[in-house]
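For this one, chain A is given, so just place chains B and C on it according to the hints.
Residue numbers (our numbering), protein chains in the order written: chain A, 1 to 259; chain B, 260 to 518; chain C, 519 to 777.
Treat the hints as calculated values from the structure; they're not laboratory data.
Any given hint might turn out to be false.
[What the hints assert, rightly or not] In silico DSSO-like cross-links for lysine-lysine, where the CA-CA straight-line distance does not exceed 30 Å:
#1 A:205 x A:152
#2 A:56 x C:670
#3 A:56 x C:574
#4 C:670 x C:574
#5 A:77 x B:464
#6 A:254 x A:199
#7 A:157 x C:595
#8 B:464 x A:114
#9 C:638 x A:208
#10 C:638 x A:85
#11 A:242 x A:205
#12 A:152 x A:85
#13 B:379 x C:579
#14 B:315 x B:416
#15 A:254 x A:197
#16 A:120 x A:56
#17 A:61 x A:77
#18 A:205 x A:158
#19 C:638 x A:254
#20 C:675 x C:715
#21 B:373 x C:579
#22 C:723 x B:373
#23 C:603 x A:61
#24 A:120 x B:456
#25 C:670 x A:158
#26 B:344 x B:456
#27 B:315 x A:77
[What the hints assert, rightly or not] For the chain C half of the interface with chain B, some residues (derived, Cβ under 8 Å), not all of them:
#28 568
#29 571
#30 576
#31 577
#32 661
#33 666
#34 696
#35 726
#36 728
#37 739
#38 742
#39 752
From a predicted model like this one, the values you see are computed outputs, not experimental measurements.
Just so it is clear, CB atoms sit at the ideal spot from N, CA and C, and this is done for glycine as well.
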Amino acid sequence: MIIALLTDFGNRDWFVGVMKGVISQINPNVRIIDITHEISPQNVREAGFVLWNAYKYFPPKTIFVSVVDPGVGSERKIIAVETDKYIFVAPDNGLLDFVLSEVEVLRSVYVENKNYFLEKVSSTFHGRDIFAPVSAYISRGVDISELGNEFKIEKSKKMFVEILSEGSYRGEVIYIDRFGNLITNLRTFGEIEGEVKFKETTINKISKTYSDVEVSNVVALIDSSGLIEIGIRNGNAREFFKANLGDEVFIWVKSINAR
Amino acid sequence: MIIALLTDFGNRDWFVGVMKGVISQINPNVRIIDITHEISPQNVREAGFVLWNAYKYFPPKTIFVSVVDPGVGSERKIIAVETDKYIFVAPDNGLLDFVLSEVEVLRSVYVENKNYFLEKVSSTFHGRDIFAPVSAYISRGVDISELGNEFKIEKSKKMFVEILSEGSYRGEVIYIDRFGNLITNLRTFGEIEGEVKFKETTINKISKTYSDVEVSNVVALIDSSGLIEIGIRNGNAREFFKANLGDEVFIWVKSINAR
Amino acid sequence: MIIALLTDFGNRDWFVGVMKGVISQINPNVRIIDITHEISPQNVREAGFVLWNAYKYFPPKTIFVSVVDPGVGSERKIIAVETDKYIFVAPDNGLLDFVLSEVEVLRSVYVENKNYFLEKVSSTFHGRDIFAPVSAYISRGVDISELGNEFKIEKSKKMFVEILSEGSYRGEVIYIDRFGNLITNLRTFGEIEGEVKFKETTINKISKTYSDVEVSNVVALIDSSGLIEIGIRNGNAREFFKANLGDEVFIWVKSINAR
Chain A
1 MIIALLTDFG NRDWFVGVMK GVISQINPNV RIIDITHEIS PQNVREAGFV
51 LWNAYKYFPP KTIFVSVVDP GVGSERKIIA VETDKYIFVA PDNGLLDFVL
101 SEVEVLRSVY VENKNYFLEK VSSTFHGRDI FAPVSAYISR GVDISELGNE
151 FKIEKSKKMF VEILSEGSYR GEVIYIDRFG NLITNLRTFG EIEGEVKFKE
201 TTINKISKTY SDVEVSNVVA LIDSSGLIEI GIRNGNAREF FKANLGDEVF
251 IWVKSINAR
Chain B
260 MIIALLTDFG NRDWFVGVMK GVISQINPNV RIIDITHEIS PQNVREAGFV
310 LWNAYKYFPP KTIFVSVVDP GVGSERKIIA VETDKYIFVA PDNGLLDFVL
360 SEVEVLRSVY VENKNYFLEK VSSTFHGRDI FAPVSAYISR GVDISELGNE
410 FKIEKSKKMF VEILSEGSYR GEVIYIDRFG NLITNLRTFG EIEGEVKFKE
460 TTINKISKTY SDVEVSNVVA LIDSSGLIEI GIRNGNAREF FKANLGDEVF
510 IWVKSINAR
Chain C
519 MIIALLTDFG NRDWFVGVMK GVISQINPNV RIIDITHEIS PQNVREAGFV
569 LWNAYKYFPP KTIFVSVVDP GVGSERKIIA VETDKYIFVA PDNGLLDFVL
619 SEVEVLRSVY VENKNYFLEK VSSTFHGRDI FAPVSAYISR GVDISELGNE
669 FKIEKSKKMF VEILSEGSYR GEVIYIDRFG NLITNLRTFG EIEGEVKFKE
719 TTINKISKTY SDVEVSNVVA LIDSSGLIEI GIRNGNAREF FKANLGDEVF
769 IWVKSINAR
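In isolation and in its complexed conformation, chain A is listed as follows (with noise of 0.2 Å):
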C-alpha cells in the first residue's frame, strides 16, 4: 500500500518529516512516495496540475494525499474521493478539478470524523493533524465511508484545449517545468503537423524530441503527457522568452492523425 504526499511545504521545514511520523505511527508498513513538496506556495492550480501529471502511474489503491491549502483553518472542507482505481484526499479548494476531469468518481465524502484526526488538532497545520492521520487510516483499511457524509461532486469544467481537428487554437503556459520548458494547456491525443506561435517566434514544426533541433534552438513538441510544450534544446525557454505562466500560445493544425 502507497501513500503518495503532494505539498506546498518544502524540503526546508519540519513540515514533511512531521507528517511521515504520524503516519508512520499509524501504519508502520505503508510505503510513502513523495510527488512533490516544491509547488509553488498556496498555487492550488499547480498543485492540481503535477497531481494530474503523477497519478496515472501510480499502483492501483494509492491514497493520494494533497495539502496545498491557502484556506487551512477556515470552514473549507476536506475530502476523500475514491475512484475505480484509487483514492484522493484534499482540501475541497479546486485541487482535484484536474483529476477530477478524466476519472470515474465512485464515492466522495466530507473528512469530519474526528476519531481519525490527531487528538489534537491545530487551527494551522492540517497536513500533521487531519491529513497524515486520515491517510494512514484509509491505507489501513478504514472505508471512506466512515470518514464523514457522502456528497455528490461536481465533474470539472474543462481543464485544456483539446485539439480535435485542423485548424487554429489558442492557449496559454500553465506550467514551466525546472529545466524551463514551457508546458501549455493544448492537449492531443494524436500526431500533429503545424505551427506554433509564441510572442514573436513562429515554431514552424512540432517536433518528436528535444534533439530534433540543433543545440540552442526553440522546439515545439508533444510532452510526454499529450500536452504542447515549447523549450529550447539544451537551453532554458523560460529564460529565453522571459515566459510567465498565463502566456497565450497559438497553434495551427494543418494535420492530425489520432493515435
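Just chains B and C now, with coordinates in the frame of chain A:
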C-alpha cells in the same frame, strides 16, 4: 524501526544518499525518514529547533540522527541520548538543547566505540563514517551502552519565553519557515487575548488561523507547536517586514486561559 | 534489493515521483533511495562524479539508475553494466566514465527490449518510460542479457590526476558542494605534506579537517573521497574565491606516505 535524519547536507550533493547506503548495508530493513537536510549550513540552533518541532510526532523507538557539525574532525564528541521514548544521536554541540529542555533522559553516552564505525573514518564526513553506521547498529538492537562511556548530560537552560500569566513579554524571531512566517520563542499552552508588536506594527488580536484576517493582512497567532507566530495571509511576512532571525517581538497579554 | 536514483529532474516537478510510481507498480517490494535529483540540468560529468562518490557505500546488488540525458529521444543508446557488485543503468553518454575507471565490468548490454519498457514510450521522458520499468524488472531478477545485445564497453580514460610521488601537479576544480567547498581532481591514497596554490592564495599546509585552521581561514585538505579540497572553515570558499568549475589548482608535494 525508523531512523529519522536531520542534516545541513542539502539535497544537491551525494552526502545524504551515501548515509542511506551505509545504513542499508548494516540494516536493510530499517525505514529511513528525512526530517530535512536543508538546515542552513552549520546552523546548530536552527537544527535543534527543527528537531524539537518534529520529534514528538514519530513512533516510539525512533532513532533521530542529527548531523549539523561545524566541529567535525576536531575534539568535539558525539553523543547518544536515550529517553523514555526515543534515541538521539548528535554532535555534542548544543544541537539537542531544545529537545533536552523537555524530555526525561534515561542515559547518555559518548559515541566512541570504533567497532560500530566504518572501518576507515575520514576527518570530514562523520555523517557517513560514524553517524550512519552507529544509528544502523542501534536500529539492529545494539544497546547504547556499547557505544562508549556514560556521562551525565546537563539539562538545558530555558529555550523559550514562557507566557504563563497576564503581562508583557519580550521574545525574538527564532525561525522563518518557507512561507515566510516568523516563528518566535514566545510560548504558551493556553489561549491568549492580547496584542503583538513587531517593528512598527501592532497587531491587536491573537488569531486562530491565517484566514481569520483578510488576504494580505498581517496576522499573529499561536502556531501548531504553541509558539507565537507572525504571518501574512497568503503572503510572505519575511519579505514584508524585511525580517531577520533575532528580531525583537513584544506581546502584551490581557488574558490567558490554560488549555 | 535497492534501486538508487540519480537524475537532474529536480525535486519540484513530478518526474521523480512518477518514476517511483512506475517502479512500485512492477516491484512493490524494492527499496528506492535517492542519491540526488539536483544535478545541474544536463550536466553529465557532474552526474558521473556524484555517482562515483556515492556508489561504493551501497549494499551489493544495488541497481543504480542515472538519468541525465540531454540526448533523450535521439539515437543515443541506453546501457546496463554489471560489475562484480552492482548494476548500473544510464544513457550511453559518458555518465558512467568515473565509475568505469575503477570497477571491473562483467558484462554490458544495450537496453533495447521493449518488453521491459512501458507500453507507450514517449520521446521526452525515458526516465518514466524506460529507465524506471527496466530497473524495476532487474530488481525482480531479470538478467541484463534479456535487455539487449552485449557489447564491449571501453575502459575510460584517466578521470583523476593521481598524486603518487613528490613533485608538483596541476589539477582543476571539478565539483563545488553545497557548503562552497572546492573539490579538485587531484587524488591521493596517502598522507601528504606540501603546498596548494589556488588563484593568488598559497596554502602552505595540507590539513586533516576544517577545524585545523581558525574560523574563516582557508584550508586545504584531503576530502573523504581522497581528493584535494579547498574550503573555508565555517565559510564558503566558492564565494570567497569567486571560484568556478574548471579553475586551475596547483599542488607541490614535499612528502607522501602511502596509507
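Checking one constraint from the list: CA of residue 723 (chain C) to CA of residue 373 (chain B), max 30 Å. Satisfied?
holds (28 Å)
Tell me if residue 726 (chain C) is really an interface residue toward chain B, meaning its C-beta lies closer than 8 Å to one of theirs.
holds (4 Å)
Is the straight-line distance between the alpha-carbon of residue 152 (chain A) and that of residue 85 (chain A) 30 Å or less?
Holds: residue 152 (chain A) and residue 85 (chain A) sit about 18 Å apart, inside 30 Å.
Need the status of pair residue 205 (chain A), residue 152 (chain A): alpha-carbon distance at most 30 Å?
violated (44 Å)
Take the C-alpha atoms of residue 157 (chain A) and residue 595 (chain C), compute the straight-line distance between them, and say whether it is at most 30 Å.
Given pair residue 157 (chain A), residue 595 (chain C) is violated - Cα atoms ~42 Å apart, limit 30 Å.
Proposed proximity, residue 574 (chain C) with residue 56 (chain A) (alpha carbon, max 30 Å):
violated (35 Å)
With the threshold set at 30 Å, check whether the alpha-carbon distance from residue 61 (chain A) to residue 77 (chain A) stays at or below it.
With Cα atoms ~23 Å apart, residue 61 (chain A) and residue 77 (chain A) stay inside 30 Å; holds.
Chain B contact restraint for residue 728 (chain C) - C-beta distance below 8 Å:
holds (7 Å)
Holds or violated: residue 205 (chain A) to residue 158 (chain A), with C-alpha atoms at most 30 Å apart
holds (27 Å)
Is it true that the CA of residue 464 (chain B) sits at most 30 Å from the CA of residue 114 (chain A)?
Within the cut-off at roughly 28 Å; holds.
Please verify whether residue 670 (chain C) and residue 574 (chain C) have alpha carbons no more than 30 Å apart.
Holds, at about 23 Å.
Could you grab the alpha-carbon distance between residue 315 (chain B) and residue 416 (chain B) and see if it respects the 30 Å cut-off?
With a Cα-Cα distance of about 20 Å, the restraint between residue 315 (chain B) and residue 416 (chain B) holds, given a limit of 30 Å.
Checked against the numbered hints above, the structure violates hints 1, 2, 3, 7, 16, 23, 25, 26, 32 and 33; every other hint is satisfied.
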